[in-house]
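Chain A is fixed; fit chain B onto it per the hints.
Number of protein chains: 2
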Amino acid sequence: MNDFTFYSPTKVFFGKDKEKEIGKIITDYNYKSVLLVYGQSSIKKTGLYDKVVNSLKDNNIKFIELSGIEPNPKLSKVKEGIALIKEEPVELVLAVGGGSVIDTAKAIACGYFLEEDPWCLNAHLVTPKKALPVGTILTISAAGSELSNSCVITNDDTKVKSGFNSDLIRPVFSVLNPELTFTVSKYQTACGIVDILMHTLERFLNDIPCQYFTDEVAIGIMRTVLECGKVAYNDPFNYDARAALMLASSYSHNGLTGLGGNFYFTVHKLEHEISGTFDEVAHAAGLSVLYSGWALSVYDKLPYKFAKFARRVLDINISDDLECAKEGIYVLREYFKSIGMPVTLSELNIKESDHLPMANRITKNDTILVPGFVKIDKEMVLCIFDKIK
Amino acid sequence: MNDFTFYSPTKVFFGKDKEKEIGKIITDYNYKSVLLVYGQSSIKKTGLYDKVVNSLKDNNIKFIELSGIEPNPKLSKVKEGIALIKEEPVELVLAVGGGSVIDTAKAIACGYFLEEDPWCLNAHLVTPKKALPVGTILTISAAGSELSNSCVITNDDTKVKSGFNSDLIRPVFSVLNPELTFTVSKYQTACGIVDILMHTLERFLNDIPCQYFTDEVAIGIMRTVLECGKVAYNDPFNYDARAALMLASSYSHNGLTGLGGNFYFTVHKLEHEISGTFDEVAHAAGLSVLYSGWALSVYDKLPYKFAKFARRVLDINISDDLECAKEGIYVLREYFKSIGMPVTLSELNIKESDHLPMANRITKNDTILVPGFVKIDKEMVLCIFDKIK
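Protein sequences, first through last, are from chains A and B. The working numbering puts the last residue of the first sequence at 389; the count rises by one with no breaks. The working numbering puts the last residue of the second sequence at 389; the count rises by one with no breaks.
Pulled out of the complex, with its shape left as it was, chain A reads as follows (with noise of 0.2 Å):
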C-alpha cells in the first residue's frame, strides 16, 4: 500500500429542498457576493434558477451570472467568467448544475488569481496557489467534480481536453438534493452510471496489492451504483436511488476510493482524447465504449483484480482468475448495452480511418505511452480501437 495524504474537506448539505435554503449556507459562511454559473437553459425550466435567486436576494447576497456552459466545457467561457470578476470581484463561485459548470466553475475561481492564461493550469504549466472558495448545487449526479480536486476543460482552439488536480478547488460545500436529479434523462442518467461507476473501477485496478479497506468500501460504491443505477434509470423519481446514486457520484471520485493505491485514470486518459476531438461525444460514452476494448486488451497482466471486481461486484461465480476476470467484462459490457450505453466505436460514428490519426494524437506520433498499470503505446491504442471498432 502506498503511502498518501487525503483530504476531503466539503460540507455537503444532503437531502430534499436543500436548495432553498442556499442563502442562508452562503451567509453562514458570510460570503457577500457570489458569481453564479450555469448551464443550458434547463435550470429555469426546473424552477431551480429562481430558487436560488430568490433565497440570495432574501439574504442580501449580491450576485452576477455566467451562464451557457456546454457539456466538455470550454476555456473561452473560463476566460469570460474570469473577466467578470475581474470587473466586478465575488467572495464565492457558485455552481448550480453537473460536471461542467462546475469544473467551469473552479477554473474561473483558480485562473482568476493568475497572471498567465487560465489553460495553464489545465496545461500543468503553472501550479495553482489559490483560489476563491467555490460552492455547488448538484443537478446530475456523474462526474464527482461536486467533492473532487479534479477540473477538466477542453481548448476551443486545439479542442485538447485536459484535467488538473489541486486540493484548492475541493468545493466548500455541495448541496446534493436527489430530487433535482429527477428530471434527468435516460440517456444522462445511464452516462452518469458509466461515469461513477468508472471513477471508482479506474482506481480499484490498479497494481498496488493489499488495499484491504479501499478495495471494501470501492466495492460497495460500485455495487451501489450498478444496483441503484438500475433503479433510477427504469424509475427516475425513485428518491432513494437517486439518493444512492448522488452519494456515489460524490465518493467514487473525491479520492476515498483510491487511498493508498496508483492512480492511473487510464481509459479516460484514452477518452479525453475521443470527446476533445468528436464534441458530439459524451464523455460517458466515450467511457462505455473504450472499457471493454482496453480491459480485454490488459485483464491478463492483473487477473486477480478483475477477477475481484467481477466477483463481488457482479456476482459472477467462475473460481479460474482469468476465466472470471473476462466474463466481468462481458457482463459489464452488456450492463452498459442495457442501460442504452454505446460498446463501439462505429456507435460514436468513429470510422475505422479515424483510428490512425487518433491513436496518433493520444501518443503524439508514438513518442509517449498512456500511463498505466499496462502502459498503453500507438500500436496498442490501435489494438484497443480494433477490439472495439
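Among these hints, one or two may not hold up.
Because identical chains cannot be distinguished in the list, a pair is counted as satisfied if it fits within a single copy or across any two copies.
Claimed, not checked - Under the rule of at most 30 Å between Cα atoms (straight-line distance), these lysine-lysine pairs were calculated in the BS3-like manner:
hint, residue 1, residue 2
1, 378, 20
2, 45, 387
3, 308, 130
4, 57, 389
5, 301, 16
6, 129, 57
7, 159, 301
8, 375, 16
Just so you know, the hints here were simulated from the structure itself, not pulled from any lab data. Fair warning: this is a prediction, and the values are worked out from it, not measured in the lab.
Just chain B, lined up with the frame of chain A:
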C-alpha cells in the same frame, strides 16, 4: 433516508514514518506553539516521543506538555490542560496517542474558550462556539476520535461518562502510521477491533430503510475490520492489516457509515454506565459483552437489517431473516471470544447483585428510556443483563 449535513475536513497524512514530518506539517499550517498531550510512558519507550519532540524542535515550534492521560479519560486532566494553556497560550493542541488522549485534547481545545466548567460541554449544558485546532498522531486503531466530531470524558467525582459532538472538534489533521500500532498488545488490538466494528454496526442497525450507499460502505468497512482485525491480532507486524484497521478506525466513526440514518448508539450508551462505574473495564470489553445481550433482545424488531449484516458481513447463508439474524449474533459473539474478548458480565467481575443498581443508574430510577429503534426501559436493561450474566 434522512436529510443530513456531513463534514469531515480532517487532512490525513498516512504512511510509514509520517510522524517524523510532524514539525513540517504544523509549520505548513502556520502554527508556532503547541500543547503536546500524551498518555503514560509507552510513547517514551517506543521512541515516538523523541521523534515528535525532535521534529518540533527542528521546526522551531514551542511546546508545553500534558502527560499521564489514562483510559476512560478524566475531567481533572482536562482542567489541568486548560489551566496550562491559560498560563501559556498555544495555537494547536497536539494529541499523541489513542482515543483517550485525543478526547482529552478535544475537551481542552473546546473548554479553553468557556467561562463555565468544561464538564458543561459533556453534560450538554453549553454548546461549543469555538475551539483551538486539534491535530493527532494516532497510536492505536480503536476509538476513531482521530476523524470524529465526538469527545467522551469521565467526571472523576460523579463517575459519569458522557460524550458531546461538535464539528468544531474534528481534528485539523491526523497522522496515521500503521507501524506505530505494531506494538499494541493482543488484548488492546482486540479491543480496537470491537470498538471499530461497533462504531459502524451501531450505525448500520437503524430503522431507516433504503440506505443503499451507506449500507454498502458500512458492509465493506465491517468486512475489513473482521478480516484484517483477525490478521493483525495473529500477526501484529503485518503492515497491510494494521493499515486497513487504522483506516477502518478513522472512517467507522467520522460519520460516513451512518449517512442518512437514525443515530442511536444504544449499546454505547449502555456501556458508558459500565466503564464509567467500573474504571478497570475497557470500553470495548463492555461493548463486547453488551452487544449480544442487546441484539438478542431487539433483533426481532429489525430482522431484515440484522440478517443483512449476517449475510453480507459474516457470509451466513440462511434464507429466513429471523433465523439468519439470530445466527449472526451468535457468530459475532464467537468471533469476539476468538480474539479473547469477554462476552459475559461475570467476566468483567460484575455480579448479579450489581445489575439492579446499574439498571437504576442507566434509567435514572426508571424515569428515562435509553434511545434506540427499540427504546430500553429499566426492565429491559435487566433482561439484557440477564442474557449475558
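So, going through the hints one by one against the coordinates:
In the homo-oligomer, the alpha carbons of residue 378 and residue 20 never lie at most 30 Å apart, since the shortest distance is 51 Å inside one protomer and 44 Å across protomers. In this homomeric assembly, residue 45 and residue 387 never come within 30 Å of each other (Cα to Cα): the closest approach is 42 Å inside a single copy and 60 Å across copies. In the homo-oligomer, the alpha carbons of residue 308 and residue 130 never lie at most 30 Å apart, since the shortest distance is 41 Å inside one protomer and 46 Å across protomers. In the homo-oligomer, the alpha carbons of residue 57 and residue 389 never lie at most 30 Å apart, since the shortest distance is 53 Å inside one protomer and 62 Å across protomers.
When the C-alpha separation of residue 301 and residue 16 is checked against a cutoff of 30 Å, the pair qualifies only between copies, where the shortest distance is 28 Å, while the shortest distance within a copy is 45 Å. Taking CA atoms no more than 30 Å apart as the test, residue 129 paired with residue 57 passes between copies only; the shortest distance there is 28 Å, against 32 Å inside one copy. Taking CA atoms no more than 30 Å apart as the test, residue 159 paired with residue 301 passes in neither setting, with 33 Å inside one copy and 59 Å between copies. Within a single copy, residue 375 and residue 16 get their C-alpha atoms only as close as 45 Å, which misses the 30 Å cut-off; across copies the closest is 28 Å, which meets it.
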